[in-house]
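For this one, chain A is given, so just place chain B on it according to the hints.
Chains A and B, in that order, are what the protein sequence lines are.
Numbering-wise (our numbering), the first sequence opens with residue 1 and increments by one.
Numbering-wise (our numbering), the second sequence opens with residue 1 and increments by one.
Honestly, I wouldn't trust all of these hints.
The list treats identical chains as one, so a pair stands whether inside a single copy or across any two.
[Unchecked claim] Derived lysine-lysine pairs resembling BS3-like cross-links, with alpha carbons at most 30 angstroms apart:
(1) 5 <-> 98
(2) 40 <-> 354
(3) 354 <-> 98
(4) 40 <-> 85
(5) 40 <-> 205
(6) 98 <-> 146
(7) 98 <-> 85
(8) 34 <-> 354
(9) 5 <-> 40
(10) 85 <-> 34
(11) 98 <-> 34
(12) 205 <-> 146
Rather than coming from a laboratory, the hints here were simulated on the basis of the structure.
So the chains spell out like this:
Number of protein chains: 2
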Amino acid sequence: MLPWKACEIGDHIDDVQTPALMLDLDAFERNLTKLMGHAKGVRVRPHAKSHKCPEIARRQIELGAIGICCQKLSEAAVFAQHGIKDILLTNQVVGAQKLQRLAQLAQTIRLGVLVDDLAQIQALGQAMAGQRHRLDVYIEIEVGAKRCGAPAQTAGELAQAIASHRQLNFAGLQCYHGAAQHLRAPDARAGAIANAAQVARQAVKAVQAAGFPAPLVTGAGTGTFWYERDSGVYAEVQAGSYALMDRDYADNTAGPQDVRFEHALWIKTSVTSVAQDNVVIVDAGLKSLSVDSGMPGVADYDAFAYLRASDEHGVIGCPANQRPQLGQWLSLIPGHCDPTVNLYDDLIVVQQNKVVDIWPIAARGANL
Amino acid sequence: MLPWKACEIGDHIDDVQTPALMLDLDAFERNLTKLMGHAKGVRVRPHAKSHKCPEIARRQIELGAIGICCQKLSEAAVFAQHGIKDILLTNQVVGAQKLQRLAQLAQTIRLGVLVDDLAQIQALGQAMAGQRHRLDVYIEIEVGAKRCGAPAQTAGELAQAIASHRQLNFAGLQCYHGAAQHLRAPDARAGAIANAAQVARQAVKAVQAAGFPAPLVTGAGTGTFWYERDSGVYAEVQAGSYALMDRDYADNTAGPQDVRFEHALWIKTSVTSVAQDNVVIVDAGLKSLSVDSGMPGVADYDAFAYLRASDEHGVIGCPANQRPQLGQWLSLIPGHCDPTVNLYDDLIVVQQNKVVDIWPIAARGANL
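The shape of chain A in the complex, shown without the other chains (with noise of 0.2 angstroms):
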C-alpha cells in the first residue's frame, strides 16, 4: 500500500504524483451512458471485474444495470459488503471452504455463479443444503473461447442436475465467447458471434428438451455485446471495459455496426531520466500498467511509443524535435485495463484539470 496518497481531492492534475491511475470522469459518464442507450431491449449487467470498483458499480446500476458481474468469490464479497444486491460471479467455484462462503453470500444478496460439470453441480448442492435463500445456477457452454463450459447438448442433463436440489435456482446458460472480444477485423468478431450465438440456441433447445421453460442467455463483451444484443438469443450482456477503454479494444477495426467507447482510463506518469538519444525513460514499468495485451498507448504524442517496460521504468521512444524534458508529464492509455486497475488501491477522478474525487479499487487483490 502507497504510505501516502499521490494527491488529495482538489488538487490540480499537474500536482498528482506519479505514476498515478487516473479517470476523465466526462469520458467515463459518457461512456456509461452510450453503452445503456444501446442496450436496445436486453438485460445490462457490466463486468466489475473491469474495475473493481464499487462507486462505479453504483454507477452503472443508478443508470439502469440489473446488476453486475465478478470473477470471482471474494470480488463479490467485497462488492456485497458496498451494497451491490445482483451479482453474477461468471466463474466456476472450488473448494469446501469457498463453497461455504459463497452459500453464506448467498444469504445476503441475489448470487448466480457458473458450472460447466456435474461434480460441481453436487458440491454447490451440498453446500447450500438447508440455507433459506436460493442460489442461481448458470450453465457455462463453451461456445467458442475454448476455456471453460460444457458442451450445448449437455445442457438438459446439468439443468435437471441443477433442479434436483431445493436450494440451487437453475438460472440460465452463460454463454460468453471471451477469445472473439479482440479479434480485429469485424467480420471476424461477427462471425465468432453467430458461432456462439448459435451453439448458445442449441444450448437452449436442450434445456427445453429436458422439460425446462426457455432458459435467459447472458454473455457478451465490450467487442461485440451488439451482435449477441442483435441474436435474437442473448437477453443480457456483460460488458465491462466499456467503461474505461484500454488500448487493445480500441485496436479492434471497427464495422459499421460497432459501439465505440472513449479512453476514459489513463496513466500518469513522469519522465524520471533523459540521459540516453532517442528515448525518455518514465516512472510507470510493469508494476504500474499491465503489459500482457501489449505495451500501452502514449496520448496527445502520435510519434511517441512506450517501447518495454521493466518493474519502474518505461522506454518511451521520441523524435529529436519532440523530446518532453525531465520532470514532464505524459498520459498513458492502458493495454490492458483489467490487470492495471487491479494494481492500484485508487481511482483519481478528474474533470476539467481538477482532482474531483479519489474512489477506492476496494475489491482490488481479490482474486479468491
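Positioned in the frame of chain A, the structure of chain B alone reads:
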C-alpha cells in the same frame, strides 16, 4: 484487498485457499545463506523490489547484508517505517513533492538516490538545503542497458556538481546492467558484464581525474553477480530475485561460475474446470501472476504447460493420462517474481506442508 485471508498459521498446505502466493521457507533460507556465502568480500545490498516484504529484508540484513535497495521512494518509505535503516533508492526521483519527502526520509535513515543529470542534482540540492542529515547521491552510469545512466566520461563533472551541495554526499557509482541478467548464454552474460565493468572503470577514472578518491561501485543482479564480484571494480552487489527465484532466471543456461538458486516462491492454484479436452483451467490468471516474462512453469509435472492466461483463468495443457481432477491443486513457478509479488498482500510461508507464518508484503503497490 482480500475480504478474508487465504489461510491461518498452522493450516495444512492443502487447506490454503487459492490462488495464493507461497514461500518455501527452507528453500528461501538456503537461498539467503548461499548468496552471503558467495559474496567473497563484496558488500551485499539485496534489492527489495523483488519481495517488498520487510520480514525478508530483516532476514537479509541479519545474515550480513549492509542494507537494501528499493526502486521507488514510497517503497523505501514503507521499509523505513518497518525499521530498515540503510536504503539505496536505485532510481531517479523527480517532482517537488517527492523531493521534499525524499529529504525528510533522509533525516530518518541512511538514504541513497541515483542521478544521471545535472538538473536532478540541482533539484536534490535545493530539496536538501538546510537539512541536518546528508543524502547519499550515486551517479548512475550507462553500462549497457540503454535505460537510465550518464556516460562514463561525464562522471567527474556530475561528482563535482554533487559535491557543490553541502547536504549531498557523493557516495558512488551505480553500474547496474539490467539487460544482461537474462541473456541466456553464460558467455553472453560474462561478455556484457565485462563491458559494464570496463565502462565502470572509465567512470571511476573520470571521478578520480576530477579530484575525488576512487568511488564505491555498486550494481549486479541474480543473473550475473559473480562476474561483477570478481571484476575488481564492483564493491557491492544488488541481487534481489535470488531469494525467491523465478522461471525466467532459471531459464538462463548455467555456466561453470554460475551461482544458482532454488525456486522458493510459487503460486498455489486449483483446477476449476475440466470441461475441455487436453487442457484444464486453473484459478490463477493475469491478476495472480505476471506474464511479462512469459508464462509460469508448472512444478512437479514435466508434461504440463501453462499455455495462456486471462484475467482470472489459466489454461494448462496436460496429457490425457495425467489429467488433474476438478479441485486438485498445482504449483506454478512465476515467470517473473517482482511484478507477481506486487499482486498480493501476503506471502504464505510453508514448511513441511504446514503454514508456519504469513508475512505482509507491506510495500505492495508502493509505486510513487
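List of violated hint numbers, smallest to largest: Checked against the structure, the hints that fail are numbers 2, 9 and 11, while the rest are satisfied.
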